[in-house]
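Asks: Sequence:
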Amino acid sequence: MQELNETKLELPLATQSLPIQDNICQTKSERDELRSVIHAYVQQENLIAPLSIDELSYHANAILKIAGCDAKYQDYTAILVHNELWSQRVSQIPYDRRLLLLPRCFKHQELCQAQEDSLGLICAHCGNCAIDDLQTEAEQLGYMVMVAEGSPVVMALIESGKIETVIGVCCISVLEKVFPYLEAGAIPGIAIPLLRDGCFDTYTDMDWVWEAIYLNSDNPVPRMDINSLKQEVQNCFDLKTLESYMGSPQSETEKIALQWLAKSGKRWRPYLAACVYQSLRDDSSAPLPGSICKLLIAIECFHKASLIHDDIEDNDNLRYGEETLHVQYGVPVALNVGDILVGDGYRLIAELDISNDQKVDMLYIAALGHRTLCQGQGAELCWQQHRSPLSINDILDIYKQKTAPAFEVALRLGAMFAGMDDKIGNILQQYSTALGIAYQIRDDFSDSGLEEGQSLNNHNSMDISLLMAVAYKKANEGDKKILKAFWQQSTSDAQSADQIYNLMKQLKVINDIQALFQQYKNDAYSVLSPIDNPNLKCVLHRVIGKIFSDITNMGCCNDYKT
Numbered sequence: 001m002q003e004l005n006e007t008k009l010e011l012p013l014a015t016q017s018l019p020i021q022d023n024i025c026q027t028k029s030e031r032d033e034l035r036s037v038i039h040a041y042v043q044q045e046n047l048i049a050p051l052s053i054d055e056l057s058y059h060a061n062a063i064l065k066i067a068g069c070d071a072k073y074q075d076y077t078a079i080l081v082h083n084e085l086w087s088q089r090v091s092q093i094p095y096d097r098r099l100l101l102l103p104r105c106f107k108h109q110e111l112c113q114a115q116e117d118s119l120g121l122i123c124a125h126c127g128n129c130a131i132d133d134l135q136t137e138a139e140q141l142g143y144m145v146m147v148a149e150g151s152p153v154v155m156a157l158i159e160s161g162k163i164e165t166v167i168g169v170c171c172i173s174v175l176e177k178v179f180p181y182l183e184a185g186a187i188p189g190i191a192i193p194l195l196r197d198g199c200f201d202t203y204t205d206m207d208w209v210w211e212a213i214y215l216n217s218d219n220p221v222p223r224m225d226i227n228s229l230k231q232e233v234q235n236c237f238d239l240k241t242l243e244s245y246m247g248s249p250q251s252e253t254e255k256i257a258l259q260w261l262a263k264s265g266k267r268w269r270p271y272l273a274a275c276v277y278q279s280l281r282d283d284s285s286a287p288l289p290g291s292i293c294k295l296l297i298a299i300e301c302f303h304k305a306s307l308i309h310d311d312i313e314d315n316d317n318l319r320y321g322e323e324t325l326h327v328q329y330g331v332p333v334a335l336n337v338g339d340i341l342v343g344d345g346y347r348l349i350a351e352l353d354i355s356n357d358q359k360v361d362m363l364y365i366a367a368l369g370h371r372t373l374c375q376g377q378g379a380e381l382c383w384q385q386h387r388s389p390l391s392i393n394d395i396l397d398i399y400k401q402k403t404a405p406a407f408e409v410a411l412r413l414g415a416m417f418a419g420m421d422d423k424i425g426n427i428l429q430q431y432s433t434a435l436g437i438a439y440q441i442r443d444d445f446s447d448s449g450l451e452e453g454q455s456l457n458n459h460n461s462m463d464i465s466l467l468m469a470v471a472y473k474k475a476n477e478g479d480k481k482i483l484k485a486f487w488q489q490s491t492s493d494a495q496s497a498d499q500i501y502n503l504m505k506q507l508k509v510i511n512d513i514q515a516l517f518q519q520y521k522n523d524a525y526s527v528l529s530p531i532d533n534p535n536l537k538c539v540l541h542r543v544i545g546k547i548f549s550d551i552t553n554m555g556c557c558n559d560y561k562t
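Just so we're aligned: 549 in the working numbering is position 549 of the sequence shown, and the numbers increase by one with no gaps anywhere.
Some hints here could point you the wrong way.
In silico PhoX-like cross-links for lysine-lysine, where the CA-CA straight-line distance does not exceed 20 Å [stated by the list, open to error]:
id, residue 1, residue 2
1, K359, K294
2, K423, K474
3, K473, K484
4, K359, K423
5, K359, K400
6, K508, K480
7, K255, K240
8, K255, K294
9, K484, K474
10, K230, K263
11, K423, K473
12, K255, K230
Between beta-carbon pairs, the in silico distance windows are [what the hints assert, rightly or not]:
id, residue 1, residue 2, range
13, E45, P249, 26 to 36 Å
14, G419, K266, 26 to 36 Å
15, S388, N511, 18 to 28 Å
16, N46, A379, 33 to 43 Å
17, G419, Q26, 34 to 44 Å
18, Q518, E252, 45 to 55 Å
19, S36, S526, 41 to 51 Å
20, N317, G378, 19 to 29 Å
21, K72, D207, 47 to 57 Å
22, S526, E176, 14 to 24 Å
None of these hints come from the bench; they were simulated from the model.
Don't be surprised by glycine CBs; every beta carbon is placed ideally from N, CA and C.
Take the sequences, apply the hints, and build the full model.
Replies: Spelled out as structure tokens, the structure:
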């Protein structure tokens with residue numbers, strides 16, 4: 001590390017007399033000592049980034065007890081723990097792949113000559129504040145520098161792969177708002193908290209800022225590009241590639257199956273398998289090997305077969321904006337195409353160039369997931385014959401059986417292909433359960449049309465619905481009768497649908513659903529805690545953010561007041 005220039009550590013005269021806020025250690029020696037305790041604690045506990053906000057809070061409290069510090073420093077300590085966890089990873093990222101994010105409130109309110117645009121402050125290099133020195137030195141090293149508390153541009157740069165880490169200076173209140181986005185993207189970063197809020201004449205521990213800027217390692221490690229990986233997965237599903245792995249269709253049934261498999265889709269399940277496999281490789285930045293394509297196609301075969309069967313069972317007429325397969329060809333043909341896709345999935349796994357023991361384990365996991373999915377679908381179909389109100393737990397059990405197994409199969413097959421499932425299989429199972437339930441809650445909420453300003457989309461979306469279960473639990477006896485009649489389809493006209501919609505608004509069902517969604521999404525993060533492989537842990541964090549699009553605009557600490 002370069003020797004720090006002591007002249008750069010001085011605070012501007014305008015800020016030296018301003019008090020440090022109450023929830024931050026008041027002296028420099030106390031802050032340095034706290035950092036030393038954090039370093040020792042992280043080493044002793046062998047903590048691996050990323051950690052969830054709850055985990056950071058837990059460890060922050062433990063550290064404060066060890067250090068004999070007041071509990072009011074919890075948020076500040078959690079930020080420093082986060083920094084300690086990521087410092088080694090940040091040191092391995094080249095300077096020209098880093099972003100230095102400085103606050104506009106560093107500027108001298110009276111003497112600043114800078115202009116501002118939509119992306120932040122454009123420094124005039126007048127020398128009246130710390131921004132000039134920091135920006136000049138960082139840019140000479142190769143950094144990209146922005147003087148703005150937060151911007152969607154930051155997330156866009158990270159998503160594009162041009163930036164792999166952020167070193168930021170910010171007030172605690174903004175860092176609390178930004179953390180969910182860092183967690184969702186598993187973004188390596190170091191955050192130096194401002195010692196006082198207020199959005200003017202602020203200051204921080206400048207030696208910590210310079211230390212973070214110069215942080216360097218002789219072993220650069222590239223960040224796994226999950227956007228490029230998504231495209232690599234998509235490339236496995238054009239018709240020519242499918243034929244090269246599955247063989248040219250020899251019958252009309254095979255032709256229909258191949259065309260259905262090639263149809264557009266999110267490809268979440270093969271993408272999950274690819275993410276896990278790639279994160280467990282020695283070089284996670286290398287292109288996907290062609291050998292895994294056969295596995296990804298097998299996983300998609302299972303999924304596309306389940307869609308055919310679901311559409312028949314649910315009597316749906318549209319899929320991908322087109323007529324469903326059974327509408328185009330009739331139910332018998334569609335059933336048969338679904339069945340041949342299931343067979344193809346197992347055949348492709350059996351043909352993989354891996355050991356026989358791996359094949360047996362992978363086929364067993366796929367069969368177990370297939371069976372569990374059928375149990376969940378069966379529970380829903382049997383309920384259709386004898387409709388009655390369902391409890392929240394009834395619905396969650398169906399979600400667990402119908403949605404979670406597809407995620408689990410994909411994740412575990414990816415790990416097995418990399419030869420690593422023995423160590424992480426149980427974690428991936430718990431992760432899949434939480435992720436699958438959260439995914440289904442969000443989908444049902446979107447499908448219902450119960451967002452603000454909308455009306456109930458269709459009656460069928462309420463059949464196996466957590467919204468109905470929550471409403472039924474909260475309703476009084478009179479309203480329970482209305483909900484029960486609607487559930488049993490004895491009243492299904494537009495007027496009764498509007499009545500249900502208004503009742504759900506009155507009972508604040510949306511709030512409960514959002515809380516349950518957040519709970520299961522947080523569970524998906526928290527079960528990753530025992531993973532000791534940083535690449536795998538990061539990519540599973542990022543998958544959650546990718547699936548749920550956990551990115552919104554960020555702003556200065558006082559923006560929300562204006």
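Asks: In ascending order, which of the hints set out earlier in this document are inconsistent with the structure?
Replies: 2, 5, 11, 12, 13, 17, 19 and 21
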